[in-house]
Amino acid sequence: MTASYQTCLLVDDNYIDNFVTRRLLESSKFAENIIVTESPTEAIKMLGNGSVKPDVIFLDIRMPVMSGFEFLEAYDKLNIDKNSIKIFLLSSSFDPTDIKRSSDNKYITHFIHKPLTIKILEELP
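Each residue of the sequence shown is one higher than the last, beginning at 129 in my numbering.
Calculated directly from the structure, the hints in this document are not laboratory data.
A portion of the hints provided could be inaccurate.
[What the hints assert, rightly or not] Quick list of the computed label-pair ranges, beta carbon to beta carbon: (1) Asn-177 with Lys-247: 27 to 37 Å; (2) Lys-247 with Gly-176: 15 to 25 Å; (3) Gly-178 with Thr-245: 29 to 39 Å; (4) Gln-134 with Glu-250: 28 to 38 Å; (5) Ile-246 with Asp-204: 10 to 20 Å; (6) Ile-248 with Pro-224: 31 to 41 Å; (7) Thr-237 with Gly-176: 14 to 24 Å.
Every residue, glycine too, gets a C-beta built ideally from N, C-alpha and C.
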C-alpha cells in the first residue's frame, strides 16, 4: 500500500495518545513522514518557519498551554498555503460546543473521536 500523504503532523500533548496514533499511522502507511509534537506552540513555530510542510494535521483540542482552537487562531495568522493542508481534530471530547466550533471552523476538515482506527482512516475525506 502506498502512502496517502507525504507529511502528517500530529499535535497532541498526551505521550501515550501520540505513541498509539503514530503506530497506527505508520502501520497503515498513511503518510511517508509522520512528525509528532506534544506542543502546539512548537507546531505553530515549525509551520511558520517552514521546517514542516504537512499535507495533513491531526490536532487535539484539550491541551494545557494552547488549546486546539487557540492553535487554529494562531494558524490563521500564518503566511503559508493553507489550502493544501487538511486538519482533522482528533479528540476525546464529546462536548457539543467543541463539535459545533469545529464544524464552524473553515480549516477543520473533519472531527474524529479518539481513538483513531484503521476504519476511520479509510473513511477520511
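Comparing the hints with the structure gives:
1. Taking 27 to 37 Å as the suggested C-beta distance range, the pair Asn-177 and Lys-247 conforms, at roughly 36 Å.
2. The hint said 15 to 25 Å for the Cβ distance between Lys-247 and Gly-176, and at roughly 34 Å that hint is violated.
3. The hinted range of 29 to 39 Å is satisfied by Gly-178 and Thr-245, whose Cβ atoms lie roughly 32 Å apart.
4. In this structure, Gln-134 and Glu-250 break the distance hint of 28 to 38 Å, their C-beta atoms being roughly 19 Å apart.
5. Between Ile-246 and Asp-204 the beta carbon distance is about 32 Å. The supplied range of 10 to 20 Å is therefore violated.
6. For the pair Ile-248 and Pro-224, the beta carbons lie near 20 Å from each other, so the given range of 31 to 41 Å is not met.
7. About 21 Å separates the C-beta atoms of Thr-237 and Gly-176, a value consistent with the hinted range of 14 to 24 Å.
Hint compliance for this structure: hints 2, 4, 5, 6 are broken, all remaining hints hold.
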